[in-house]
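*Asks:* One letter stands for each residue in the lines below.
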Amino acid sequence: MIHYQRTSKKPDVLLSRNELLVYMLCREKISEAELVERAHLTLDEMREVLSELQKKGLVEAENSLQVNSSQSKPKANSLQEVKQSFSSQQVMSKESDVSQKVAQLQFVKARVASVLESYLGKQAASYQQELESKRSLAEIEEWGYKLVIKLRLAVSQEAAVALETVLKFLSEGTH
Amino acid sequence: MTQIFSILGTLLILYDLYLGFTIKQKAPGGLIGKQLSQLNLLTVLFAVGYLVITFLIWNYPADTLYTIISLLLLLGAAFIFLVIRLIQAILTAIG
Chain R
542 MIHYQRTSKK PDVLLSRNEL LVYMLCREKI SEAELVERAH LTLDEMREVL
592 SELQKKGLVE AENSLQVNSS QSKPKANSLQ EVKQSFSSQQ VMSKESDVSQ
642 KVAQLQFVKA RVASVLESYL GKQAASYQQE LESKRSLAEI EEWGYKLVIK
692 LRLAVSQEAA VALETVLKFL SEGTH
Chain X
584 MTQIFSILGT LLILYDLYLG FTIKQKAPGG LIGKQLSQLN LLTVLFAVGY
634 LVITFLIWNY PADTLYTIIS LLLLLGAAFI FLVIRLIQAI LTAIG
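So the protein sequences, as listed, match chains R and X.
The opening position of the first sequence corresponds to residue 542 in this note's numbering, with each subsequent residue numbered one higher.
The opening position of the second sequence corresponds to residue 584 in this note's numbering, with each subsequent residue numbered one higher.
The hints are simulated quantities; they were obtained by calculation from the structure and are not laboratory data.
Note that CB positions come from ideal geometry on N, CA and C, so glycine has one too.
Hints may contain errors.
[Claimed, not checked] Cut-off 27 Å, straight-line C-alpha distance, at most; resulting in silico cross-link-like pairs (BS3-like, lysine-lysine):
id	chain 1	residue 1	chain 2	residue 2
1	R	K551	X	K609
2	R	K675	X	K609
3	R	K597	X	K609
4	X	K607	R	K709
5	R	K709	R	K691
6	R	K570	X	K607
[Said to hold, decoys possible] Selected chain R positions facing chain X (in silico; Cβ < 10 Å):
id	residue
7	M542
8	A695
9	V696
10	S697
11	E699
12	A703
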């Protein structure tokens, strides 16, 4: 089975939502099937995204039959080994969940920041600083809706509409 | 009395003008920003009108009609002052 992992190259171009998500998931060695499951994408979409990332040199494929076989068939000779294997899998699963949340948070921050910058220009810098201090999606959502009111009343109605659209998309995605 | 009301009205409308343009910097766009631009434009026109009227009726003999007009002008300036203070409070509330 083919496994994917990030290369040492850092992204120097703007990645799409799916590309960013997959790139974040490839922080550790991960199979195509796991990527499909965690990113909630179809296999075709995933292959397309992976090929794009490979073209950009951000992700590399590795044909690791040995890794697969050792992962899928752990040598559970004793009950102790089985327990250890199970707990390590749980830890890995938790780590991947955390990394997925971090990826999602980064994606949302990048999206909101780009909307603000495109509509407000240099004026967006102060809002971007506030945005960076947010630690969860819920915090961003709450702050975002307050900012929508402020923008609509005092700064720019167009920016408010754009930001509100992003926030609606975010709340639909998370709920 | 007419002259006092006229001067107070003119001074108040000039202060309104100053406040209006100060607040405009805090609200460059959006709903409030647009409405404030119109309000400031009208306040400029009113201020010119107040100055002209004060100048015209300065040497007129005391008359009840002029006193009422100058009192209305003063109350008009006070009304604009209250509107601008309301906008200022809203801007402070939304940060």
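*Asks:* Against the structure shown, which of the earlier numbered hints fail to hold, in ascending order?
*Replies:* 1, 3, 4, 6, 7 and 12
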